[in-house]
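Produce the entire structure from the sequences given, and follow the hints as far as they go.
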Amino acid sequence: MNGDPLCHWMAVVVSTALIPPMSTAVLAGWTPPWLRKRQAGMRLRAYGSLCCYAFALLNVLPRITDASYGTVMACTNAGFVPIAAAVVLFLLSERKDKAAREVGRVEPARPQH
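Counting from 1 along the sequence shown, just add 15 to a position and that's the residue number in our numbering.
Treat the hints with caution; some may be incorrect.
[To be verified] EDC-like, lysine to aspartate or glutamate: derived pairs with alpha carbons at most 20 Å apart: (1) Lys-52 with Glu-109; (2) Lys-52 with Glu-117; (3) Lys-52 with Asp-112.
[Claimed, not checked] Pair by pair, the computed Cβ-Cβ distance ranges are: (4) Lys-52 with Ala-82: 38 to 48 Å; (5) Val-96 with Pro-35: 10 to 20 Å; (6) Pro-20 with Trp-45: 26 to 36 Å; (7) Asn-92 with Trp-49: 33 to 43 Å.
Calculated from the structure, these hints are not laboratory results. Just so you know, even glycine gets a beta-carbon here, dropped at the ideal spot from N, CA and C.
Here it is as structure tokens:
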């Protein structure tokens, strides 16, 4: 039922190596170079990424521990909560970025004649 434990362990290792350190760095004030023009919603993106990490753990850990079918399904269903929160946070970050771009937009100066 729970599949190959090696695949689940790889998912835990990769997600743990990538998501929490990057999100923590962003929350501490660091901005990745490819997102320097979209800084307004960075904290929301970091929290959304941590929600995705919670989703990954909710789905993988019961399978690694070879939990019962009911437990695996309960954790899978509970995973919809952090994913919904992540979607909301990512949408809010995009909205915040868009508002910041509109406020910061400057019209080109017209030459004086």
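Hint-by-hint comparison with the structure:
no.: 1; hint: Lys-52 with Glu-109; verdict: 12 Å, holds
no.: 2; hint: Lys-52 with Glu-117; verdict: 13 Å, holds
no.: 3; hint: Lys-52 with Asp-112; verdict: 9 Å, holds
no.: 4; hint: Lys-52 with Ala-82: 38 to 48 Å; verdict: 44 Å, holds
no.: 5; hint: Val-96 with Pro-35: 10 to 20 Å; verdict: 19 Å, holds
no.: 6; hint: Pro-20 with Trp-45: 26 to 36 Å; verdict: 34 Å, holds
no.: 7; hint: Asn-92 with Trp-49: 33 to 43 Å; verdict: 35 Å, holds
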